[in-house]
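Going line by line, the protein sequences match chains A and B. If you use the working numbering, the first sequence corresponds to residues 1 to 365, in order. If you use the working numbering, the second sequence corresponds to residues 1 to 365, in order.
No wet-lab data here; the hints were simulated from the structure. All C-beta atoms, glycine included, are put in the ideal place defined by N, C-alpha and C. Some hints could be false.
What the hints assert, rightly or not - Simulated coverage check for chain A against chain B, where a stretch passes if three residues somewhere in it have a Cβ under 8 Å from a Cβ of chain B: (1) 39-51; (2) 59-73.
What the hints assert, rightly or not - Here are some chain B residues pointing at chain A (derived, C-beta under 7 Å): (3) Lys36; (4) Lys40; (5) Asn314.
Protein chains: 2
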Amino acid sequence: MFNFTIKNKEKSARTGKLETIHGTIDTPVFMPVGTKATVKAVLPETVKAAGAQIILSNAYHLMLRPTAERIHQLGGLHKFMNWSGPILTDSGGYQVMSLSDLRKVTDDGVTFQSHIDGTKIYLTPERLMDVQFLLGSTISMVLDECVSYPAEQNVAEKAMWRSLKWAERAKNGYVVRDGYALFGIIQGGVYENLRRASTTGLMDIGFDGYAIGGLAVGEEQSEMFRVIEHVNAQLPENKPRYLMGVGKPDDIIGAVKRGVDMFDCVLPTRSGRNGQAFVRKCNTKKGTINIRNASFADDLLPLDQLCGCYTCKNYTRAYLHHVVRMNEIIGSMLMTIHNIFYYQDLMRAIRRAIEENRLNNFVEF
Amino acid sequence: MFNFTIKNKEKSARTGKLETIHGTIDTPVFMPVGTKATVKAVLPETVKAAGAQIILSNAYHLMLRPTAERIHQLGGLHKFMNWSGPILTDSGGYQVMSLSDLRKVTDDGVTFQSHIDGTKIYLTPERLMDVQFLLGSTISMVLDECVSYPAEQNVAEKAMWRSLKWAERAKNGYVVRDGYALFGIIQGGVYENLRRASTTGLMDIGFDGYAIGGLAVGEEQSEMFRVIEHVNAQLPENKPRYLMGVGKPDDIIGAVKRGVDMFDCVLPTRSGRNGQAFVRKCNTKKGTINIRNASFADDLLPLDQLCGCYTCKNYTRAYLHHVVRMNEIIGSMLMTIHNIFYYQDLMRAIRRAIEENRLNNFVEF
Chain A
1 MFNFTIKNKE KSARTGKLET IHGTIDTPVF MPVGTKATVK AVLPETVKAA
51 GAQIILSNAY HLMLRPTAER IHQLGGLHKF MNWSGPILTD SGGYQVMSLS
101 DLRKVTDDGV TFQSHIDGTK IYLTPERLMD VQFLLGSTIS MVLDECVSYP
151 AEQNVAEKAM WRSLKWAERA KNGYVVRDGY ALFGIIQGGV YENLRRASTT
201 GLMDIGFDGY AIGGLAVGEE QSEMFRVIEH VNAQLPENKP RYLMGVGKPD
251 DIIGAVKRGV DMFDCVLPTR SGRNGQAFVR KCNTKKGTIN IRNASFADDL
301 LPLDQLCGCY TCKNYTRAYL HHVVRMNEII GSMLMTIHNI FYYQDLMRAI
351 RRAIEENRLN NFVEF
Chain B
1 MFNFTIKNKE KSARTGKLET IHGTIDTPVF MPVGTKATVK AVLPETVKAA
51 GAQIILSNAY HLMLRPTAER IHQLGGLHKF MNWSGPILTD SGGYQVMSLS
101 DLRKVTDDGV TFQSHIDGTK IYLTPERLMD VQFLLGSTIS MVLDECVSYP
151 AEQNVAEKAM WRSLKWAERA KNGYVVRDGY ALFGIIQGGV YENLRRASTT
201 GLMDIGFDGY AIGGLAVGEE QSEMFRVIEH VNAQLPENKP RYLMGVGKPD
251 DIIGAVKRGV DMFDCVLPTR SGRNGQAFVR KCNTKKGTIN IRNASFADDL
301 LPLDQLCGCY TCKNYTRAYL HHVVRMNEII GSMLMTIHNI FYYQDLMRAI
351 RRAIEENRLN NFVEF
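All chains, please: the whole structure from these sequences, using the hints.
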């Protein structure tokens with residue numbers, strides 16, 4: 001029931017179909033981020049209407065509030081948030097490192113203070129499997145230890161080996177169910193020997209898909225692409241590959257060319273709330289516009305002249321400029337609607353380009 | 001083209017039909033408030049889907065930002081904000097008094113500092129007619145002088161006479177167009193002799209409809225009802241009557257019983273953003289619930305068990321509790337959707353009750 005089928009190939013890039021208990025996903029796919037059981041500022045129907053077939057949520061955040069037990073009792077995450085499609089939940093390794101105070105990592109697990117109310121929490125790879133089971137996550141992620149960038153090789157190495165041991169414990173704690181999946185996360189910073197060991201180790205344990213973690217944390221794009229190429233050369237063809245937390249349209253196009261199938265990033269939603277719109281380069285070379293800019297106060301054009309989203313069909317830049325500057329909620333709503341649609345349009349165009357064997361000359365975005 | 005037809009009567013209460021250039025309105029009607037060219041936290045399609053046939057916006061706010069001239073240049077307020085139905089614009093007398101600094105009122109007009117950027121602005125009844133013409137308002141309101149509550153009789157009297165003179169100048173400055181309308185505003189505080197003089201004066205000038213201003217500013221409900229009864233006894237039967245800034249469901253029911261046709265209030269939208277939901281009394285005697293209350297954390301019921309809105313059909317109180325407590329925008333969106341729908345449902349039930357001659361035993365809400 002959890003099947004990944006490759007449909008078309010152009011060099012390393014591929015289109016595919018990921019079948020899950022909650023629906024089918026066309027890859028390469030971009031997953032809008034719904035950290036706390038909501039894709040910020042939009043209704044789930046809007047996310048679906050944009051063409052999104054899977055969203056990402058976060059086990060760490062939901063475990064703290066409203067708790068996994070509560071969501072389970074209420075019928076699971078899908079019912080809770082009114083999203084019936086597939087949900088991938090990040091386990092929260094990154095969030096434990098970046099959001100919590102007084103964390104202490106041992107081989108057994110991690111102790112930290114909740115960033116919400118300061119309560120002390122002890123987290124293990126097994127507990128995170130329970131949490132994601134209770135949520136009813138379509139795709140669960142293993143707990144990993146993330147290091148900050150730049151990291152010395154010995155720091156990255158220690159975290160990589162620890163993450164690998166945690167991944168094995170996660171696999172053992174994971175309840176196999178038809179149509180659900182568990183992904184491992186490759187770590188190792190920018191060090192190819194560490195990435196190789198991590199990839200080999202995870203493949204030996206065996207997962208339904210492989211995520212590349214610890215990238216897009218500050219390194220150059222060329223550095224990121226180098227690591228992706230290195231890792232993907234090792235990974236099996238027939239499993240989905242997920243580049244975590246990426247990224248800008250150019251990052252995504254480059255990663256797809258190097259064989260990545262799945263992406264997530266807060267960029268379209270977060271920057272939408274900040275007044276930034278992603279637009280096709282025929283609108284502006286830069287690929288983004290900040291609607292707060294005074295030049296848009298009298299602009300009768302839509303955000304993106306080639307976009308078919310609700311925002312672009314119904315509102316001028318002048319109106320968006322007004323409501324964003326006035327801090328009206330509808331500003332966040334309309335900008336987010338556009339950005340989510342833009343990203344889904346980008347992925348549609350990428351898939352079409354691969355089908356037509358012209359991703360290498362991809363010029364639409 | 002601007003026609004008001006009474007359909008049914010039950011004692012002083014009446015149902016009617018208000019025909020305008022931008023569409024027909026069933027009365028008694030509640031107008032959601034869209035002060036700055038957006039009904040806060042909802043899309044215009046959602047407002048329409050709730051059954052709202054007219055919204056209120058504010059000439060004062062729009063005149064300051066993005067300016068009436070700009071909206072005119074962009075095609076008018078309807079196009080600007082993507083709402084094709086009727087729009088009533090309050091002229092802003094109340095806002096001038098409550099929001100601006102250093103105001104100085106003379107018989108000629110009012111000088112004040114913008115509450116946004118401190119620029120000095122001079123406002124006259126004629127200028128406000130120009131502003132509402134530029135916006136393309138379906139129903140324009142005259143500029144009036146509002147006094148704070150409680151006001152001494154001599155203060156209320158002075159403001160009432162001044163407002164009356166301003167109303168005459170507004171009428172002279174108003175451009176008559178088929179299907180558009182200009183309403184006068186009755187002032188006079190809680191003093192019946194002043195209300196009588198104001199009503200007579202406005203009727204002598206002649207308006208398409210009459211608003212009762214200066215109520216729901218802190219006086220007892222019984223006091224408000226007394227003034228409404230007094231004013232409505234004087235007003236012509238065949239013109240719409242609009243009670244400004246009202247109010248709670250009980251206020252509306254009581255005012256309809258006394259012959260009022262139109263209402264507006266920020267209550268459903270503002271309180272929605274604060275976590276308060278209006279619910280039928282079968283849910284709770286009080287008629288409102290605050291979703292932040294801990295008792296809702298595990299509540300699988302919808303906000304209102306008899307409500308058919310999008311929020312109540314798709315989300316539990318437990319989910320709303322979670323997203324409102326987390327300050328997620330979707331919390332404001334879903335609560336507002338419900339409250340707007342609730343108010344429209346209330347008006348539908350009121351109209352039906354009048355048609356069936358049972359408003360006096362109105363028990364649905």
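Hints versus structure:
1. 39-51: holds (count 4)
2. 59-73: holds (count 4)
3. Lys36: holds (5 Å)
4. Lys40: Holds, about 6 Å.
5. Asn314: holds (5 Å)
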